[in-house]
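Q: So you can see what is in the structure, the chains are spelled out below.
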Amino acid sequence: MWLPVLGLVIGITLGLLTDMSVPHEYQNYLSIAVLAALDTLIGGIRAQLQNLFNEKIFVSGFFFNIILAASLAFLGVHLGVDLYLAAVFAFGVRLFQNIAVIRRILLTKWDQKRKNEKES
Amino acid sequence: MFFLITILAGFMLAIQFNTTHQENNLADDTSDLWELRQQYLSEKELETYFHQQIRQSEDKIAQYETERHNRNGQVLQDTLNELKKEAGLKEISGPGIILSITPAYEYITPGQSKVYISPDVLRKLINELNMYGAKAISIADQRIISTTTIRNIQGETKVDGYPLRKFPLEIKIIANDHETVKKLYNQMQISTVPDDFFIDNLKVSISEPQEEIIIPAYSSSVSVNHMQTVKEERK
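Those protein sequences? They're chains A and B, same order as listed. Residue numbers for the first sequence follow the working numbering, beginning at 1 and rising by one. Residue numbers for the second sequence follow the working numbering, beginning at 1001 and rising by one.
These are calculated hints, taken from the structure and not from any lab test. Keep in mind it's a predicted model, so treat the numbers as computed, not measured. Even for Gly, the Cβ is constructed at its ideal location relative to N, Cα and C.
FRET-style restraints, in silico, Cβ to Cβ:
#1 B:D1032 - A:D19: 22 to 32 Å
#2 A:V59 - B:E1035: 49 to 59 Å
#3 B:W1034 - A:T18: 31 to 41 Å
Just chain A, with the same shape it has in the complex (with noise of 0.2 Å):
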C-alpha cells in the first residue's frame, strides 16, 4: 500500500528538481493528462479495495485514458469546441463517484472492525 505513495512522493519531488515547465500553448494538454492520470490512479485504489484490481486494466486504461484526453483537447483546439471540456466533466464526475465509493468501503471496513472489536 505504501509503494505507490512512495511512488507517487518520487515523482513529485524528480518534477520539482528538475524545474521542467511546458509552453503555455500545451498547457491545456498537460493539465488534461494530469485529470486523467489523477482519475485512473483512484479508479486503481477503489478497484483494489474491492478486490477487483487487474494490472493490466490498470496500466493499459492509464495510459489510453491520458492519450484520449490529450487528443480530445487536440481535436477541440483544431475544431474550435472546447471538447476537453468534454474530457474534464468525464474525469471530475468519475473522480468523485471513485472517491465516493472508497470513502464508503473504508466507512464499512472502519465500523465492522468497531463491531468485532466490541464483541471480543
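Following the hints, position chain B against chain A.
A: Chain B only, in chain A's frame:
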C-alpha cells in the same frame, strides 16, 4: 508497474504545478510605474543604438554601390571574359563524355595504307552532339567553335588545318550539367554515327559520363570576314 505509474503521475503533477507557478510569477510582477518607465527608457536607448547601426550599414552599402557603378571597366572586363568563354577562346572544364575513335584493324586489309575519317560523318557527329546539349567540343584537342572547318585536304581530314592522324582520336564533349551529360551519353548509345564510322572501318567507344573534362581554348585567332558592326539606330 504500479510504482512506475505513480512516479509518472507525480512527475506530471509536479510539472503542471511548475508551469502554473511560473505563470503566476510573471503575473505577479509588481514593479511600479517609475521602474517600468526606467526600463522602457533603457530599451528605447537600445533601439536608437540599433537604428544608428542600421543606418551606418546602409550608408556603407550605398557607398559600395556607387563605387561599383563608377567602375564600369570591371563590368566590361567581366562581360568580355564571359563572351570569350562562350566563343571558345577560353579553356573550359566540366562534366562530359569522351568518344574515342580507333581503326578496326581486323577489317583493314593489308596494304591499305590510310585510315580515312570522313569529314561528313564528323560534321554529322558534331551536329548531333550540339543538338543534344553539348556546350563545348574538341577533336584531338582542337576546340570546335562556330567557324571551325572540317575538310578533306589532299586526302587528309583536317580540323582547322590540323590533320587527324593520331589514333585513338579523342573527341571530348562537355555539357552544362550531369543530367545533360547523361542524356548525351544515352543519345550517343543509340546514335547511328558509330555505324557511319564503322563503314570506314573505324570503331567508336563511348566513355561513361565523367566528372571533370578539360577542353582547351581555340588556339588560332578567329578571323571575322563577313561581319560588320551595326550602326546604332537613331531614336
